[in-house]
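A.B. asks: All chains, please: the whole structure from these sequences, using the hints.
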Amino acid sequence: MAATTLRRLAGTQVAKSQVKGESRGVISCLRGLRLHQGLRKSSPLSFGRKTAAGNALLCSCDAGEPRGVMDSASFTMGIRGEVHGLRDGGSGAREQSHHWGASSRHPLRCYGVGRAGEGGNSPRRVVFLGTPEAAAVVLRDLMAAAEESKGGKDAFEVSAVVTRPSKRKTHGKVMEGSPVASVASELGLGEHAILSPQSAKDESFLEAMRDIGPDLCVTAAYGNLLPPNFLDIPTFGTVNIHPSELPCLRGPAPVQRAILRGDRRLCVSLAFTVFRMDAGKIIGQKWLSIGSNETSDVALSRLFSIGSEMLVESMPELLSGRAQETATEQDETRVTHAPKLSKEEGVLQPHVMTAKECHDVCCALNIWPGTSVNCNCVTPVKKGGKG
Numbered sequence: 001m002a003a004t005t006l007r008r009l010a011g012t013q014v015a016k017s018q019v020k021g022e023s024r025g026v027i028s029c030l031r032g033l034r035l036h037q038g039l040r041k042s043s044p045l046s047f048g049r050k051t052a053a054g055n056a057l058l059c060s061c062d063a064g065e066p067r068g069v070m071d072s073a074s075f076t077m078g079i080r081g082e083v084h085g086l087r088d089g090g091s092g093a094r095e096q097s098h099h100w101g102a103s104s105r106h107p108l109r110c111y112g113v114g115r116a117g118e119g120g121n122s123p124r125r126v127v128f129l130g131t132p133e134a135a136a137v138v139l140r141d142l143m144a145a146a147e148e149s150k151g152g153k154d155a156f157e158v159s160a161v162v163t164r165p166s167k168r169k170t171h172g173k174v175m176e177g178s179p180v181a182s183v184a185s186e187l188g189l190g191e192h193a194i195l196s197p198q199s200a201k202d203e204s205f206l207e208a209m210r211d212i213g214p215d216l217c218v219t220a221a222y223g224n225l226l227p228p229n230f231l232d233i234p235t236f237g238t239v240n241i242h243p244s245e246l247p248c249l250r251g252p253a254p255v256q257r258a259i260l261r262g263d264r265r266l267c268v269s270l271a272f273t274v275f276r277m278d279a280g281k282i283i284g285q286k287w288l289s290i291g292s293n294e295t296s297d298v299a300l301s302r303l304f305s306i307g308s309e310m311l312v313e314s315m316p317e318l319l320s321g322r323a324q325e326t327a328t329e330q331d332e333t334r335v336t337h338a339p340k341l342s343k344e345e346g347v348l349q350p351h352v353m354t355a356k357e358c359h360d361v362c363c364a365l366n367i368w369p370g371t372s373v374n375c376n377c378v379t380p381v382k383k384g385g386k387g
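The sequence shown lines up with residues 1 to 387 when you count with full-length UniProt numbering.
In case anyone wonders, no lab produced these hints; they're calculated from the structure. Glycine included, every Cβ here is placed at the ideal spot set by N, Cα and C. Mixed in with the good hints there might be a few duds.
As the list claims (entries may be wrong) - Straight-line C-alpha distance at most 27 Å; calculated DSSO-like pairs for lysine-lysine:
no., residue 1, residue 2
1, Lys340, Lys201
2, Lys343, Lys356
3, Lys356, Lys340
4, Lys153, Lys281
5, Lys201, Lys281
6, Lys201, Lys167
7, Lys286, Lys340
8, Lys167, Lys343
Stated by the list, open to error - Ranges between beta-carbon positions, derived for each pair:
no., residue 1, residue 2, range
9, Val373, Lys153, 55 to 65 Å
10, Ser122, Val335, 36 to 46 Å
11, Thr354, His192, 50 to 60 Å
12, Pro316, Met353, 42 to 52 Å
13, Glu309, Met277, 19 to 29 Å
14, Cys375, Pro316, 49 to 59 Å
15, Met353, Ser185, 42 to 52 Å
16, Glu186, Gly370, 24 to 34 Å
17, Val373, Gly291, 15 to 25 Å
18, Ser185, Gly291, 32 to 42 Å
19, His192, Lys167, 16 to 26 Å
20, His337, Arg265, 12 to 22 Å
21, Ser289, Thr336, 18 to 28 Å
C.D. replies: Put into structure tokens, the structure is as follows:
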């Protein structure tokens, strides 16, 4: 009954979608519908008849109380496939609605349904978050892939870039933007599309993200913790390129920690982002062997390049929601951590460290903090004799 009503109201032919739950017929006809862009996660929907405005449909977030009118944006789903509801405030939203079995405790879930846009062919919106030079490589590859995708069924665009704020140059007053910000400008993104919040928790930043309405967010060495109310925004979630074999070496310094312990076979993972650090489901992993003298900056660049290739290859699955179903949970029994580095770790202690250990410290910490030698540990040589 509800599915028939939706088809009649939408007046559009809809494609099949993979659906879990009892309301397959209802969800299958949502692909062609367009909704208000102020979508709220996990809110059950109810639909009514056409309004006087024309093709608009009514939506309700709670049983018996229509809250908004579908208009220019598209139907979306949450990170786990929840059907999104609408914010308050749609004109003419007090008409009677027809409910189809969703509740606030058990929201309807659907899979494989996403932003339809104008005519169902508008490109998906992707927001990239990153800061250092290694992340800039990923942005270049992502934007090149977006350009190549134009006109195809898997078309997407990089709608915005988020990076850390500009830093003051050493011993100067000139503010210097991040490598990612520089590449974004070079590739034609306007200043309005390059965001540099002090914190991802800033409400003004979160509101800007809601206005963008991304289908997917991609992070690569962004360097800022993403709160739950950010992770709720993108339709198909947020994915991260992490340079380690997750669940091993979760944290901010995985490559440096790996080299410090003598590893020469490294890994990069593509994984979904959850509020726990680097604990999301794994989409894919690839390995890289490095030379005995390879430094962390070179290894990072190579790993992010490989991760970028893996990301681009996965975009069709990520932007259709299929990746959520095929990604694998991490084995919590194998978890290790890669905590932040300290300046003290860069001090070589020749009297207690082997030559190889000193060598590995120099390779691992060449980006920051660098290395120095503790000269107090060297036994002085007496004149005219042995020390």
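A.B. asks: Looking at the structure, which of the earlier hints fail to hold?
C.D. replies: none
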